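Enquirer: Next come the chains, spelled out residue by residue.
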Amino acid sequence: MDISTLTICDAAAELRKKTFSSVELTQAVLDAINKKDADLNAYLSVDAEGALLQAEAADAARSAGRDGDLLGIPVAVKDLINVAGQPCTCASKQLVGYVSPYDATVSAKLRQAGVVFAGRTNMDEFAMGSSTENSAFKVTRNPHDLTRVPGGSSGGSAAAVAGGEAIAALGTDTGGSIRQPASFCGCVGLKPSYGRVSRYGVTAFASSLDQVGPMTKTVEDAAVLLQALAGRDAHDGTTPDVPVPDYRAALRGGLKGMKIGLPKEYYIGGADHEVMACVRKAVDACAAAGAEIVEVSLPHTEYAIAVYYIVATAEASANLARFDGVRYGHRTANPGSVFDLYAKSRAEGLGTEVKRRIILGTYVLSSGYYDAYYGRAQKVRTLIRKDFAEAFKTCDALLTPVAPTAAYRIGEACDDPLKMYLGDIFTVPANLAGLCGISVPCGQTAAGLPVGMQLLGPAFGEGSILRAAYAYEQGVRA
Amino acid sequence: MSKYLITIGLETHVQLKTNTKMFCGCSLKFGEEPNTNVCPVCLGYPGALPVMNREAVKLTVMSGLMLGCEISRLSTFDRKNYFYPDMSKDYQISQQARPLCLGGGVTIQTPAGPKRVRINHIHLEEDAAKINHYARFSGVDFNRCGTPLMEIVSEPDLSSPDEALAYVQALKQILVYAGVSDCNLEEGNLRCDVNISVRPEGQEQLGTRAEIKNMNTFKGIYAALEYEIARQLATVARGGVIVQETRRWEPDLGETQSMRSKENAHDYRYFPEPDLVPVALASEQIAAWKALLPELPSARRERMVAEYGIPEYDAGVLADAKENADFFEAAVRLCSPGLGKTVSNWFMTEVMRQLSVTGKTISECPLTPAALAELVELVDKRVINGPTAKELSAELFENGGMPGVLVAKRGLGQVSDSGALEGFVEQAIAANAKSVEDYRAGKKAAAGFLVGQVMKLSKGKADPQRVGILVAEKLARLA
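Read top to bottom, the protein sequences are chains R and V. Using my numbering, the first residue of the first sequence is number 223, and each one after it goes up by one. Using my numbering, the first residue of the second sequence is number 4, and each one after it goes up by one.
By construction, these hints were calculated from the structure, which means they are not laboratory data. Hints should not be assumed to be uniformly reliable.
[Unchecked claim] Here are some chain V residues pointing at chain R (derived, C-beta under 10 angstroms):
1. L46
2. Y48
3. Y85
4. P88
Because the structure is a prediction, the values reported are computed rather than measured. Glycine included, every Cβ here is placed at the ideal spot set by N, Cα and C.
Sequences are here, hints too, so could you generate the full structure?
Expert: Structure, rendered in structure tokens:
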């Protein structure tokens, strides 16, 4: 069995037909990991034994008459989502040895649906980065060119899906960490609207921005996985009681009659011309499929990066305080005092980029600086939100590039954090405004590197962007 | 030396009477094994999120309504950042920008008359864990971590340790009345931080203040304030300067010690808690909670005086503890009209004496309001006499039951029948010729002795009033 092109929907159909069992499917995934991961470094840990036991249970349930779109399907999980009994290092030395005592809500939901947890994927430490080079353990490689990065921070998940080591995966997106690696690796990545998916049990980077989402081979798979993840959670007070539509049903309908906006600020300068050529071709394809294309303006776009790196680092500085060596995780040997315990445990356990962001976040919240930085950033965030609200009065979705470039070479950007931060320009506004966004492959550069386009929808408008993305994807295939 | 004015303000932390913690479902049972009432949320595990305990919000709003506060329609939570092993997330979820309750106040009694102490605000937050120090290491018990705490911040309106104590006691009474907290100091349900400063009379601006922490008893608050006032006055008398600092009360040493100065004060870097949505309260919700409020102790005192005709003093004693007042009112309502004062007498002498001897509260005793009411009725209808009733009350207090049943079973009904009583009187006079002599010789007290003898002969069941009359008549005839 070759799982490199196998989708959730295909696998589910074969499982129903008993072409293969979940145990065989899971074994195929484990074999693929064994064969390929020495090159890709997509996984941080693999739970072969546990996965096969879960697969056996899924097969037994199926024999007993149970069915489900995800029953017996192995899914890779980004290593910051708690799955009871598995490690959850967040790609940090700080959490080596930590074993999750509980399931995140998304893990519990997938477990309930019969998903097999095969392994945990690499990432930038605590999701801080855009290339997965900030992992404390290994550098994941782009399956399309092993000298290049897979993007980040969900680079391990993207590489596993695109490189044939997973059927589908979970990622998290705080400023583009699902969409950008999906674009770099050539898979589909969906960031749900803020509050659509529970964050309970997902190690927090920036609480007001983080979302868990699917990373898949097709738009339909993204819809299937999102269906299982979405909904109000009593453990997460930021998930409102908004009904979850049937996302698979929402796929049908086509681009005809949809109004797609092109925010002009996303199309002027900056981005690589090969990337822009792919995106413009996608715009033309949508128009040809019957979508009405209109230009819109999001005037506060230029402030988004600044706002993002204030809000995200401020929240992170508090969220990461708990990694103090007192209750779990790395603790320095023989601390001389409580202060020493904190200072040394964290100095030893946390990586450079994480420390940089904690220091930034601590600074912007400091007495005397709060109003100038955090307070002001929140005001501009409101303006950015209003920009989108205005645009969505006339559009069903916005179409933009995902990232200014295709995948760059390993080591190329990691000495210049500011350059790395600017790579998030097209993705962070959606997080700041709480919108949903999806990255869909829309072509390749001359060098054969994938390029993605981004479709943005209003909060809880996943149905619209899935419909547009599905229609585009089908059109390209046809 | 010129006269100095003392200014005191209090931050009172009150543990709310909820079943579960502020942000998770863990139990709040006191005295459990360390780290047994814990979960990923209160232990600050990666990915754990807080969920608002609506009951804690309700109890805080009820407290605010009892204290005359304005209730915020939209209230928000903030993170207070600091590293310490007792705070599992290394930040505390508290309220800074928009607390639940604003304004309000408490009236206290002072020698100069009633005084209004204003409240600045009341906010809701989570408690820290408890650190236990051992010879070679320290342990953290997270059972307490995440307990809902309400912090009541007063204005600096208090000017003596007596006033501060009166304020805390008044607060405690109101909060226990409202049922929002047990205010049990031994279990740490009520803790105070105090801000205190001195300034020369005539100076408008308040002096530099010191904040004192760690006072866990009423006695401790009083002693710490006395000590700190003396320390500050002595400092200025010496020509010294009071520095703004946080001090810690050391009960064993009987002194306050500096913890940290202003320069070393924490920068808590407050910012809005992104994991919690603001608490929005509709006016209908606030009104519904207001309807649940009990009467304030002061209002109850006045009403009980008017309704039951009991003296102010009695009403004050009874209203002091809500459960006593509840018991009294339940009993008095079961009695015939006009017996308010009698019930109050019984409660304040016999029942309260038993309570103080046994150290119990009224709810811990098997005595019921119905039993006390029946006892009072039995005495009033002269079915039993006072001494019998006293004995019965002790028994009811200990074992419960109804007095009417005991009287019938044991034949304790008092003997008022003249025929039977006259027999006893004859017997007593015949057996005590010496007393009769004494009486004739003018020792009127001898009559009392004879009454006592008759009571003895009746095995305590005679109506003492009736016996007195019969003895007096008999002696008069003999004279």
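Enquirer: Kindly indicate which numbered hints from before are broken by the structure, ordering the numbers from low to high.
Expert: none
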